[in-house]
Amino acid sequence: MSNVPSDWEVVIGLEVHVQLHTRAKVFASSPWGFGKEPNEQVDPVVLGLPGTLPVVNREAVEKSILFGLVVGAEIPERCAWDRKNYFYPDNPKNYQLTQKDFPVVVGGQVEIELPGASRNVMGEHKFIRIHHAHLEEDVGKLSHAGSGSLVDYNRAGVPLLEIVTEPDLRSSAEAEAFLRSLVAMLTQAGVADCDMEKGQLRCDCNVSVRRRGAEKLGTRTETKNLNSISSVRDTVIYETARQIRELEAGRSITQETRGWNAELARGYVLRDKEDAHDYRYFPDPDIPTLKISRETVARLAKQVPENLYDRQRRYVEKLGLPYTAASVLVNDRALAEWFEAAVAAHPTNPSGIANLVANDLLRDLAASAGAAGAFDEAAPAPVSLASCPIKPAQLAGLVKLTDDGVISKQQAKEVFTEMFKTGQDAAAIVDAKGLRQNSDTGELEKIVKEVIADPAVAKSIAEYRAGNEKAINALKGPIMKRTQGKANPVLIDQLLRKFLA
Amino acid sequence: MADALHTLSAAELGRRLAAGTLTSRALCEALIARYQAVNDKVGAFTHLDQADVLAQADASDARRQAGQGRGPLEGIPVAIKDNIAVKGQPLTCSSKMLAPLVSPYDSHVAERLRAAGAILYGRLNMDEFAMGSSTENSALRKTFNPWDLARIPGGSSGGSAAALAAGLVPLSLGSDTGGSIRQPASHCGVVGLKPTYGLISRFGLVAFASSLDQIGPMARSIEDCELLLHALASADARDMTCFGPSDRALTAAGDAKKFRIGIPKGFLGKGVAPEVAAAVNAAVEFYRAQGCAISEVELPSADLAVPTYYVVATAEASSNLGRYDGVRYGHRSAAAGTPVEMMTASRSEGFGPEVKRRILLGTFVLSAGYADAYYVRALRARAKIRAEYLAALAGVDVLLTPTVPTPAFKVGEKASDPLQLYLEDIFTIPANLAGLPAISVPCGKSGHLPVGFHLVGAPLSEAKLLAAGRLFEAAHGYAHQQAAL
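Protein chains in written order, with the working numbering: chain F, 1 to 501; chain S, 1 to 485.
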């Protein structure tokens with residue numbers, strides 16, 4: 001955490017560029033994806049060959065609208081594209097199609113959750129306003145090799161939604177929390193995959209500082225092209241400290257565009273205001289203004305999943321889950337839905353199910369899956385439930401066996417491990433392994449009496465009777481041994497206390 | 001008979017091909033012979049792949065033999081302006097910048113012509129990137145007016161018009177951003193139609209000014225022009241500004257003798273040469289005699305058209321031509337340096353002076369601090385012009401003016417005076433700004449030089465323009481005219 005002096009306030013706004021989850025590029029029919037040979041995913045339109053024209057990909061517009069609906073934004077009745085003109089070899093037309101005046105999404109807000117005092121305690125919630133989001137095309141990649149330069153246009157024309165926040169963020173922790181929340185919302189709605197290793201999410205970070213209580217915003221700097229949550233956090237910390245240091249030394253802040261060197265953990269100046277480009281924006285004459293019908297909006301509204309934190313509140317308040325389990329489950333929509341399917345099959349003990357899902361199931365799935373997440377290094381690896389050997393109803397069956405006293409909680413762990421290995425039902429494993437608890441009171445009474453009569457435990461009995469509660473446990477081992485561990489531990493405890501009373 | 005094939009209309013050639021008295025191969029061989037005889041004099045073509053043409057002709061003849069003919073254009077050669085993509089053929093825009101380029105794809109109109117069985121016949125010279133009114137801005141070669149080889153053919157579709165007037169081909173495609181089909185048609189004595197914006201797909205047309213550009217048919221008769229128009233107009237999902245074929249635009253439009261013709265007030269004051277005025281007035285009198293109602297119409301903002309055009313068109317061009325940088329295709333400077341230095345050098349070497357002038361002008365009018373004063377104001381003027389034209393066309397069927405104020409000038413005569421040259425388009429530009437269909441129809445001569453009149457109609461009134469043109473053409477001897485070479 002940064003240590004911002006208490007008389008200073010930091011003001012942060014983010015521009016988040018997200019590659020949308022679509023089959024085709026945003027203005028061409030060429031498909032796109034990761035891991036292809038350079039310039040494999042191009043066509044005459046992507047390359048900007050003379051005479052080619054852009055055609056708006058409906059899927060990209062709909063994903064953008066879906067994002068807007070997820071954050072409760074306004075979806076204007078029409079949107080339009082403008083040309084942003086600048087020369088660079090990674091830009092096939094030397095203009096980028098973007099939305100300057102009529103973006104597809106206006107307004108909205110993202111709920112964030114700040115870290116609590118400990119992992120088990122929920123932190124403060126805030127709402128961060130979205131100014132707008134506009135749909136544009138990504139550019140290619142230029143690299144330098146030897147004496148020459150190489151350019152790969154596979155990324156050119158990939159649909160990019162630029163989400164611009166209001167300057168509502170007040171700390172690096174808030175910026176981090178915002179990005180976590182945003183990524184969860186984007187992925188849960190199927191708008192984007194947000195895989196940072198593949199460059200699917202990049203962030204520009206605007207930072208300014210002002211004396212606490214001041215009305216006027218300080219001069220801001222923009223640090224471009226941050227490609228992980230940690231580099232956004234580090235940039236905010238670095239830039240805040242730098243600006244405060246400058247101002248306290250009596251110098252002023254220059255409005256400038258900066259870069260971030262993650263290896264050195266320091267920022268650097270890219271260009272100042274005087275060098276700012278004149279992009280000569282004008283409305284793209286090839287793409288007529290696009291009307292967004294209210295029918296389309298209504299259809300897409302049905303695809304909006306339950307909000308992350310609404311779901312969390314429901315789990316805690318309605319299902320009685322501990323915060324820790326709830327917060328783990330809601331971060332992964334598929335996992336949450338899996339959990340809810342299990343609860344539907346056994347509605348009386350959601351917490352029991354949640355604990356198994358959030359602990360045992362996640363652990364085993366992660367062990368069988370790949371590496372950790374990319375944009376957010378702190379996040380657990382996304383798990384694939386598609387290949388999960390246990391079905392929700394089967395897990396519900398396991399919890400029900402425990403709740404009904406058929407097996408102990410200890411045995412449940414063992415059964416779970418076997419279920420994950422074989423995909424068998426809990427009951428079948430319990431029967432095959434003979435794990436069913438012995439709750440036959442008559443039989444257990446006989447065994448308890450025999451054990452109490454054994455002189456080997458006389459000392460423990462004496463201690464128990466003398467007031468040492470724990471001494472009773474010494475008698476449970478021999479009982480378990482005689483029943484091959486199947487004795488119902490609750491029943492044994494009751495019987496021992498009865499006979500020793 | 002073979003020696004006369006180059007004088008025949010596409011419609012007549014189609015009839016002979018259908019009757020089996022002519023093969024596409026014989027026709028193409030005759031036209032190639034004509035090409036060899038006169039193209040060096042006229043300079044209409046920049047490229048003709050004779051072997052490819054004959055292969056296409058043989059394929060057409062084979063289709064027809066097999067009973068799989070594709071319609072009235074089956075086996076008929078159509079020559080194409082060098083800014084319209086045809087797969088496997090050069091796509092140079094008569095620019096050094098694109099001289100090395102062979103198109104890897106077909107434009108929509110090329111696909112349409114193939115689907116109609118036409119022969120995609122050679123590449124036609126033009127002003128570089130369609131910027132000009134004389135074809136003198138071609139970086140590849142000069143084109144001369146077949147009626148007077150010391151004069152320009154007009155432009156930018158100068159090759160398209162000259163090829164028709166020289167009997168090099170029966171049909172050609174041009175493109176029109178401010179008059180680039182109609183002005184050379186007038187100067188060469190042929191018919192040229194600029195369709196309603198959006199009727200014909202621009203996919204594969206190298207963009208000059210996207211909101212103004214349209215591909216259009218050029219021919220030696222109204223009938224042929226209509227034939228070609230019908231082949232070109234069709235829906236195309238690759239051009240979002242193309243709305244596809246329209247029955248209204250393409251089918252019979254009532255009795256041309258009853259058309260109401262509007263004459264814009266004061267057009268004769270706009271530097272119109274006396275012989276041109278006389279020919280156009282004679283056309284007006286012809287229509288009056290046929291029973292058409294002639295009236296004068298007010299177009300108060302017409303004088304804004306040329307300056308508006310040169311702001312809008314150059315602004316779009318400055319952006320459209322940004323992609324020619326030597327990185328992916330086209331001319332690349334041999335000068336070493338950083339990628340951006342290479343791009344700069346390639347552009348400096350690849351573009352000619354008129355193209356550079358317009359890119360600079362367009363860059364200026366879009367620049368921060370100037371865009372409001374120029375580009376944004378020009379958009380307002382454009383909207384006003386369109387509104388006035390639509391209002392005028394609510395009261396009349398067509399507006400009639402000369403196509404060009406003066407006949408074709410001598411090569412080099414206006415080369416040093418771009419502003420004077422820009423006035424060549426004073427009558428044609430409004431139709432582009434307003435997205436309206438317009439046609440140039442031959443209506444006489446000024447001395448030995450052809451003169452045309454210009455009709456503008458409401459959106460999708462192509463059939464009306466053609467009907468009006470046909471009425472005039474039928475009563476006069478200007479159809480099928482060719483220069484003696």
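It is possible that part of the hints are untrue.
If you only want the chain F side, here are some residues facing chain S, beta carbon under 10 Å, derived [as the list claims (entries may be wrong)]:
id, residue
1, VAL45
2, ARG83
3, TYR88
4, LYS93
5, ASP275
6, TYR281
7, ASP284
8, ASP286
9, PRO288
10, ILE292
11, SER293
12, GLU295
13, TYR464
14, GLY467
15, ASN468
16, ILE472
Treat the hints as calculated values from the structure; they're not laboratory data. Positions of the beta carbon are idealized from the N, C-alpha and C atoms, including for glycine.
These are the hints, each one checked on the structure:
1. A least Cβ separation of about 8 Å between VAL45/F and chain S falls short of the 10 Å threshold, and the interface hint therefore holds.
2. The restraint placing ARG83/F at the interface with chain S holds, with a minimum CB-CB distance near 5 Å, inside the 10 Å limit.
3. With a least beta-carbon distance of about 7 Å to chain S, the hint placing TYR88/F at the interface is held under the 10 Å criterion.
4. Taking 10 Å as the C-beta contact cut-off toward chain S, the hint placing LYS93/F at the interface holds, the least distance being around 5 Å.
5. Given the 10 Å rule on beta carbons, the hint for ASP275/F is violated: about 14 Å separates it from the nearest Cβ of chain S.
6. For TYR281/F, the suggested interface contact is upheld, since its CB lies about 8 Å from the closest CB of chain S, less than 10 Å.
7. The criterion of a C-beta within 10 Å of any C-beta in chain S is met by ASP284/F, whose closest approach is roughly 8 Å, and the hint holds.
8. The interface hint given for ASP286/F is met, as the beta carbon of that residue sits about 5 Å from the closest beta carbon of chain S, less than 10 Å.
9. Annotation: interface hint on PRO288/F holds; nearest CB of chain S at approximately 6 Å, less than 10 Å.
10. Using the Cβ-Cβ criterion of 10 Å, the hint placing ILE292/F at the interface with chain S is not satisfied: the shortest such distance is roughly 15 Å.
11. A hinted interface residue such as SER293/F counts as satisfied when its beta carbon comes closer than 10 Å to some beta carbon of chain S; here the least separation is about 17 Å, so the hint is violated.
12. With 10 Å as the threshold, the beta carbon of GLU295/F stays out of range of chain S, its nearest partner Cβ sitting at about 20 Å, so the hint is violated.
13. Interface hint at TYR464/F: violated, since its Cβ lies 86 Å from the closest Cβ of chain S, which is beyond the 10 Å cut-off.
14. With a cut of 10 Å, the hint placing GLY467/F at the interface with chain S is violated, because the nearest CB-to-CB distance is about 86 Å.
15. Interface hint status for ASN468/F: violated, as the beta-carbon distance to the closest one in chain S is roughly 83 Å, over 10 Å.
16. Hint on ILE472/F is violated. Least Cβ distance to chain S is approximately 81 Å, over the 10 Å limit.
Hint compliance for this structure: hints 5, 10, 11, 12, 13, 14, 15 and 16 are broken, all remaining hints hold.
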